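Residue numbers (my numbering), protein chains in the order written: chain A, 1 to 258; chain B, 259 to 755.
What you were told as hints is all true, and nothing was included just to trick you.
Okay, the calculated bits of chain B under chain A, using three or more residues with CB under 8 Å as the criterion: (1) 320 to 326; (2) 635 to 641.
Going by beta-carbon spacing under 8 Å, a handful of chain A positions derived as facing chain B: (3) Q38; (4) I81; (5) H224.
No lab work stands behind these hints, which were simulated from the structure alone. Quick caveat: nothing in here was measured; it's all calculated off a predicted structure. By construction, the Cβ of each residue, glycine as well, lies at the ideal position given by its N, Cα and C atoms.
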Amino acid sequence: MGEVEKDTLMGFWTAFFAISFYLATLLFVGGVIYRIYQYATTPAPLKVPTMPAPMTQKGVIVRVLSEVVLFRSLFRSNKWIWLLGMMFHGALLLVIVRHLRYFTEPVWSWVALAQPFGKYGGLVMLLGLLGLLGRRIVIERIRYISNPSDYLMLILLLVIGTSGALMSFVTHIDIIHFKAFMLSVMYLDVFSGQYPIPIDTILLVHLASVIVLMIIFPFSKLLHAPGVFFSPSRNQVDNSREKRHVAPWALELETPKN
Amino acid sequence: MAKANFETPAFRPYPVIPIIKKDVMRGPGPYLAKPDMQRDLGFPEELVDDWHDKAIAKMGDLLGKYRSLRVYLDSCVKCGACTDKCHYMIGTNDPKNMPVARQDLLRNVYRRYFTWPGKLFPKLVGAQDLTKDVLDDWYNYYHQCSQCRRCSVFCPYGIDTADISMAAREILDVVGKGQKYCNEIIAKVYKIGNNLGLPDKALRNTVEGLEEDIKDETGVDVRLPVDVEGADVLLVTPSADFFAEPHIDGLIGYAKVFHQAGISWTLSSHASEAANFGMFIGSYENMQRVSLRVQKAARDLKVKRLVFGECGHAWRVAYSFLNTLVGPFDFLDQRYPIPQHICEFTYDLIQKGALTLDKSRNDHRRLTFHDSCNVARGSSMGGVPGGQFTIPRELIKASCNYFYDMPSDTICDQTYCCGGGGGLLTDDLMELRVKGALPRMEALKSVVDNHGVTHMASICAICKTQFSKVMPYYGFEMDQIISVHQLIGDAIVLSPE
Numbered sequence: 001m002g003e004v005e006k007d008t009l010m011g012f013w014t015a016f017f018a019i020s021f022y023l024a025t026l027l028f029v030g031g032v033i034y035r036i037y038q039y040a041t042t043p044a045p046l047k048v049p050t051m052p053a054p055m056t057q058k059g060v061i062v063r064v065l066s067e068v069v070l071f072r073s074l075f076r077s078n079k080w081i082w083l084l085g086m087m088f089h090g091a092l093l094l095v096i097v098r099h100l101r102y103f104t105e106p107v108w109s110w111v112a113l114a115q116p117f118g119k120y121g122g123l124v125m126l127l128g129l130l131g132l133l134g135r136r137i138v139i140e141r142i143r144y145i146s147n148p149s150d151y152l153m154l155i156l157l158l159v160i161g162t163s164g165a166l167m168s169f170v171t172h173i174d175i176i177h178f179k180a181f182m183l184s185v186m187y188l189d190v191f192s193g194q195y196p197i198p199i200d201t202i203l204l205v206h207l208a209s210v211i212v213l214m215i216i217f218p219f220s221k222l223l224h225a226p227g228v229f230f231s232p233s234r235n236q237v238d239n240s241r242e243k244r245h246v247a248p249w250a251l252e253l254e255t256p257k258n
Numbered sequence: 259m260a261k262a263n264f265e266t267p268a269f270r271p272y273p274v275i276p277i278i279k280k281d282v283m284r285g286p287g288p289y290l291a292k293p294d295m296q297r298d299l300g301f302p303e304e305l306v307d308d309w310h311d312k313a314i315a316k317m318g319d320l321l322g323k324y325r326s327l328r329v330y331l332d333s334c335v336k337c338g339a340c341t342d343k344c345h346y347m348i349g350t351n352d353p354k355n356m357p358v359a360r361q362d363l364l365r366n367v368y369r370r371y372f373t374w375p376g377k378l379f380p381k382l383v384g385a386q387d388l389t390k391d392v393l394d395d396w397y398n399y400y401h402q403c404s405q406c407r408r409c410s411v412f413c414p415y416g417i418d419t420a421d422i423s424m425a426a427r428e429i430l431d432v433v434g435k436g437q438k439y440c441n442e443i444i445a446k447v448y449k450i451g452n453n454l455g456l457p458d459k460a461l462r463n464t465v466e467g468l469e470e471d472i473k474d475e476t477g478v479d480v481r482l483p484v485d486v487e488g489a490d491v492l493l494v495t496p497s498a499d500f501f502a503e504p505h506i507d508g509l510i511g512y513a514k515v516f517h518q519a520g521i522s523w524t525l526s527s528h529a530s531e532a533a534n535f536g537m538f539i540g541s542y543e544n545m546q547r548v549s550l551r552v553q554k555a556a557r558d559l560k561v562k563r564l565v566f567g568e569c570g571h572a573w574r575v576a577y578s579f580l581n582t583l584v585g586p587f588d589f590l591d592q593r594y595p596i597p598q599h600i601c602e603f604t605y606d607l608i609q610k611g612a613l614t615l616d617k618s619r620n621d622h623r624r625l626t627f628h629d630s631c632n633v634a635r636g637s638s639m640g641g642v643p644g645g646q647f648t649i650p651r652e653l654i655k656a657s658c659n660y661f662y663d664m665p666s667d668t669i670c671d672q673t674y675c676c677g678g679g680g681g682l683l684t685d686d687l688m689e690l691r692v693k694g695a696l697p698r699m700e701a702l703k704s705v706v707d708n709h710g711v712t713h714m715a716s717i718c719a720i721c722k723t724q725f726s727k728v729m730p731y732y733g734f735e736m737d738q739i740i741s742v743h744q745l746i747g748d749a750i751v752l753s754p755e
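Using the sequences and the accompanying hints, generate a full structural model.
Rendered as structure tokens:
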């Protein structure tokens, strides 16, 4: 490959990934904000917390946090799913924190601190994902409720995790230039041509899968992330005897009668 | 009893995870509502020609009205945590009785018509067109859910299949495919005043008969007043309490409590039913209309307090929805909870020392307590979280010497439904009812074997009716189920004035 061809190729991939990142971010942020807006503005006309429920707003915050942070209900339900889910989500959090180093200059000290944990966290995440995929295939009941998209989503995450682990532990990539590219994307300087993306198959696969994940997020079951905060059975206060909760549409039903 | 054309499930030696048996509970579902019943509730008389468009339109309408429906349909990740939690799944092994699969019947159609991936790649995400087969599946399987909310306890997102099955039933009603049992009963409430269709006169005869029975038994004049204006308390209780064992003994118990406490009370012939089947069919309008009778009776009789009798679903509506539906109850005495459960009422009296109870009168019984699903997971008591579990148990312990709880994963908020709740307490669903009772019967068996338990007490009319019907299938006697207030009534020491 001649120098000119290589430059053209680099230019193409740089532009392709830059544009994809912008589009994916737009869809991800816009989509999630829209869904949150939709959840927040849909009325909840009758109080349906799963009892026993907290009787104060403070108690509700504790209840929702115990679900978000500790997966409390899942723990009561099934220890295996809890363990695998915890491994995946907990490790994912570490990995995301670790990745902040590619988006910040200088790197924040607490991010630097997370670096070694995040690196090995990636492996824990892969184990969790493999366990979840294994369950989905092996256990008859779970197989019955699974659609192609349920498998594909796990596979997509596995591709992200495996390509990431490969870059961490096997073939090291040109991380300096990649970070320069990423910062130029963030600061809208990418089309200057000064910061080309390193052409490395594993890196490009890694990035492409992340972009796909961002795009499908607001249209799929990944909405469980904002959804868990809006679940009426978890986020409502047990106070219906003390307080009326009439939705606007229900108020219209009342007017002619009284 | 007619010979059953199905097999009663065997007790499992240890709780194995059910193996799925596809389509074993497939079928036409319970009897359809007749045209006049549909008309009485404001629904089309039979399946309308444009049912497809109407159903989708109604789904869209409900998605805009109920946050629960939208969040629940979006959030499921198919983790499988709920798949072994439903008593109907455990009893029948039909995979569509797994909560997630039951939800998916509606979710798949939601995805097809309301989400981009479902519109563009239906196969990929399991989205499905609304066909006649799907509609029939809805009717069949959403009438195999007793709306007990056990799945919602275990779901990491709190997805409540009860809410989804209520939405599905409302859609079915709106396209003219209502269920006979629920809709006939609601129509009866509008016309006669209660679920059983007991007319005013029969009601008065019954309570007069009961007054005589109590007089014969105790020598004391205990009254069961009907429509007495100016009484302190209006008691609204399920009509089963006027009708049959073991319910009626509970009613006698309430009367003795009121008598000994010296609190004036009355029943109402206008609101002679506590249950509110409007909830079962997910109809806000019908639930509100049924509730309005209670509010009107309380106003007309000029009472100060409102107390509900032992009825599980009634208590969920009363505790969680009544104030919202037909409040405010500013005309009642604000020093007491509005409404109040009869167990809270009796418990307060015991705390104050206002009742004389002789526990030894129940010494021939060894008790356990069945937490009714809608009390356990849909309401509360006593103003503290979990009061719905402790207060009924305290009542039993105050009136009996022998009390033993069933295994901990079958009681309190993990309780199993009796198998007949949520509008399924009808003979045409007997197979489902018997099979759905399996986990509760297993739990009962364990305390019978280990502690010599002779009776199971309950505070729900549906539970009591269901158990007296299905217990014989599992080798128990039908009279082993009793009312909590029967125990109180039997232990209370009345002295002639």
